[in-house]
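Chemist: The lines below spell out each chain.
4 protein chains.
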Amino acid sequence: MGEPFRHRLRVRYAECDMQGHVFNAHYLAYFDLTLTELWRAAIGYYGLMTERGVDLVVAEANARYLAAARFDEEIDVEATIERLGTTAITTRFRVLRGERLLVDGWLRHVCVDATALTKTPIPGWLRDALAPWVIAASPALPGA
Amino acid sequence: MGEPFRHRLRVRYAECDMQGHVFNAHYLAYFDLTLTELWRAAIGYYGLMTERGVDLVVAEANARYLAAARFDEEIDVEATIERLGTTAITTRFRVLRGERLLVDGWLRHVCVDATALTKTPIPGWLRDALAPWVIAASPALPGA
Amino acid sequence: MGEPFRHRLRVRYAECDMQGHVFNAHYLAYFDLTLTELWRAAIGYYGLMTERGVDLVVAEANARYLAAARFDEEIDVEATIERLGTTAITTRFRVLRGERLLVDGWLRHVCVDATALTKTPIPGWLRDALAPWVIAASPALPGA
Amino acid sequence: MGEPFRHRLRVRYAECDMQGHVFNAHYLAYFDLTLTELWRAAIGYYGLMTERGVDLVVAEANARYLAAARFDEEIDVEATIERLGTTAITTRFRVLRGERLLVDGWLRHVCVDATALTKTPIPGWLRDALAPWVIAASPALPGA
Numbered sequence: 001m002g003e004p005f006r007h008r009l010r011v012r013y014a015e016c017d018m019q020g021h022v023f024n025a026h027y028l029a030y031f032d033l034t035l036t037e038l039w040r041a042a043i044g045y046y047g048l049m050t051e052r053g054v055d056l057v058v059a060e061a062n063a064r065y066l067a068a069a070r071f072d073e074e075i076d077v078e079a080t081i082e083r084l085g086t087t088a089i090t091t092r093f094r095v096l097r098g099e100r101l102l103v104d105g106w107l108r109h110v111c112v113d114a115t116a117l118t119k120t121p122i123p124g125w126l127r128d129a130l131a132p133w134v135i136a137a138s139p140a141l142p143g144a
Numbered sequence: 001m002g003e004p005f006r007h008r009l010r011v012r013y014a015e016c017d018m019q020g021h022v023f024n025a026h027y028l029a030y031f032d033l034t035l036t037e038l039w040r041a042a043i044g045y046y047g048l049m050t051e052r053g054v055d056l057v058v059a060e061a062n063a064r065y066l067a068a069a070r071f072d073e074e075i076d077v078e079a080t081i082e083r084l085g086t087t088a089i090t091t092r093f094r095v096l097r098g099e100r101l102l103v104d105g106w107l108r109h110v111c112v113d114a115t116a117l118t119k120t121p122i123p124g125w126l127r128d129a130l131a132p133w134v135i136a137a138s139p140a141l142p143g144a
Numbered sequence: 001m002g003e004p005f006r007h008r009l010r011v012r013y014a015e016c017d018m019q020g021h022v023f024n025a026h027y028l029a030y031f032d033l034t035l036t037e038l039w040r041a042a043i044g045y046y047g048l049m050t051e052r053g054v055d056l057v058v059a060e061a062n063a064r065y066l067a068a069a070r071f072d073e074e075i076d077v078e079a080t081i082e083r084l085g086t087t088a089i090t091t092r093f094r095v096l097r098g099e100r101l102l103v104d105g106w107l108r109h110v111c112v113d114a115t116a117l118t119k120t121p122i123p124g125w126l127r128d129a130l131a132p133w134v135i136a137a138s139p140a141l142p143g144a
Numbered sequence: 001m002g003e004p005f006r007h008r009l010r011v012r013y014a015e016c017d018m019q020g021h022v023f024n025a026h027y028l029a030y031f032d033l034t035l036t037e038l039w040r041a042a043i044g045y046y047g048l049m050t051e052r053g054v055d056l057v058v059a060e061a062n063a064r065y066l067a068a069a070r071f072d073e074e075i076d077v078e079a080t081i082e083r084l085g086t087t088a089i090t091t092r093f094r095v096l097r098g099e100r101l102l103v104d105g106w107l108r109h110v111c112v113d114a115t116a117l118t119k120t121p122i123p124g125w126l127r128d129a130l131a132p133w134v135i136a137a138s139p140a141l142p143g144a
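Chains as they are written, first to last, in our numbering: chain A, 1 to 144; chain B, 1 to 144; chain C, 1 to 144; chain D, 1 to 144.
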């Protein structure tokens, strides 16, 4: 029974476009940096994976834009692991300003051998470390 | 019977990450700039829309990463309009290096009133202008 | 007798280039976001300026790169106002990892009328608010 | 008697900030990509340097912002090598919209051994290849 990992960040000026909103592509970067923080909570630091011979590559990304984040606002990015397959991890991200959901998306990563870059099963130690943030997949999650 | 719009670009050094690949979020920016070029071909310049009272906002983005583009490579971004609804436009993008498909994705935009920012039907003149690049939706396109 | 304003941040993956270092242009964005935080400390929030009829535009930027910041490192950006002229503000930035100086640079801003965008004197209330971080200019500061 | 190298590019939407202007840091990225094109003209492709055992690292960057480039404008970046020292290269960049000078800046690079990353003299073959774009330093160029 996992619960969301949460990372707070503040919108930077350079991330906002002419409409005063965060440009759509930057939300994928928000997802990515939140995952780095989730990894820190789970295994200490991201680099431990490559030291132990595995790495993750992004296979698919998705984002639905419901409302805009603006310059200098503090927003929360919630992450939950909605599918932990044999070789693939689907992480769902919800960007919130207070209670208001702004963006709802997900990233699907594939576990690869750190040198050969070929698909490899997610090792047990990593699977165990991620367990606190694994929840049952939402039916609304495409591709999960 | 539309055919793809095609825009060629060269991968910039600052777009590549530590793995030497274009960072995943930047492909959404590639989609966006290709759409600007498609708009130029269709209606002359993007700003004509707001001058005529309508604008587009991104409602959803998706990208599947099949292979990596690298620094200094020339790549082509193909765009086809796979759904032209009453208020929504779904554009599919295929990023290619030569014949090799690297990224396959789509953006769904919603047409809004340029001042009120409320949903409004795509005007006839815009619908007509986009016709050359409209094709029947691929069955593989989620959300279209 | 001012002392530096200090803002801590963590290097993001997307900010690092193929050499594993923060790409040079991103340091100017680090300077900019640190200035936003200094402004928060000085006047509450950046937008107060435009509400009161003035704004700042960047007139010149400079950075000397002494050592590299890398992915996931925590770094501090120190800011001091080294020149508070009639219409211009030169702010010096020092990027540090612990005691190690990585980048030393400055931004020169000009105060403008928020609507006409013409040069205007820095108002007294802003000058007073910035006083805690004003120090005598370093002789090494070009253009100050 | 060199003359400027010239590279044309179009301002991307994601590069423009809330004021509708190219965000200041992105001009350094424009300088960088223009240098990549100058290198292509001089030696064929950038990677030839590392293949031959040398690389360049940025030691200092400077930009003076005179007027704003805006979304969808075509601009030219002119590059001239204003100082070709034993180990350092200072390249000046002028960003123009038509005849109008928008940004005037420079980058100073240091030649390093590609593996040890220690300072090394610019090899003769590279010096010869860059000759067409070397001009006498402008007196206005600080740090050159």
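Watch out, some of these pointers could steer you wrong.
The list treats identical chains as interchangeable, and a pair is accepted whether it falls inside one copy or across any two copies.
What the hints assert, rightly or not - Under the rule of at most 20 Å between Cα atoms (straight-line distance), these lysine to any residue pairs were calculated in the SDA-like manner: (1) Lys119 to His7; (2) Lys119 to Gly20; (3) Lys119 to Gly98; (4) Lys119 to Leu96; (5) Lys119 to Ala67; (6) Lys119 to Arg6; (7) Lys119 to Glu73.
Honestly, the hints are just simulated from the structure, not real lab data.
Chemist: How do lysine 119 and arginine 6 come out at 20 Å by Cα distance, when the copy is not named: within, between, both, or neither?
Modeler: neither (29 Å within a copy, 32 Å between copies)
Chemist: I want to check one pair: lysine 119 and leucine 96. Are their C-alpha atoms no more than 20 Å apart within a copy, between two copies, both, or neither?
Modeler: So lysine 119 and leucine 96 fail the 20 Å test inside a copy (33 Å) and across (23 Å) alike.
Chemist: Give the relationship of lysine 119 and histidine 7 under a CA distance limit of 20 Å: within one copy only, between copies only, both, or neither.
Modeler: Classified as neither; 29 Å inside a copy, 32 Å across copies.
Chemist: Under a CA distance limit of 20 Å, which applies to lysine 119 and glutamate 73: within one copy, between copies, both, or neither?
Modeler: Classified as neither: same-chain Cα gap 39 Å, cross-chain 25 Å, threshold 20 Å.
Chemist: At most 20 Å between C-alpha atoms: does lysine 119 with alanine 67 qualify within a copy, between copies, both, or neither?
Modeler: between (36 Å within a copy, 14 Å between copies)
Chemist: Is it within, between, both, or neither for lysine 119 and glycine 20, if the alpha carbons may be no more than 20 Å apart?
Modeler: For lysine 119 and glycine 20, the Cα distance is within 20 Å only across copies (19 Å; inside one copy 41 Å).
Chemist: My question is about lysine 119 and glycine 98: at a cut-off of 20 Å on alpha-carbon distance, are they close within one copy, between copies, both, or neither?
Modeler: Result: close neither inside a copy nor across copies, 39 Å intra and 25 Å inter.
In summary, the structure is inconsistent with hints 1, 3, 4, 6, 7 from the numbered list given earlier, while agreeing with the others.
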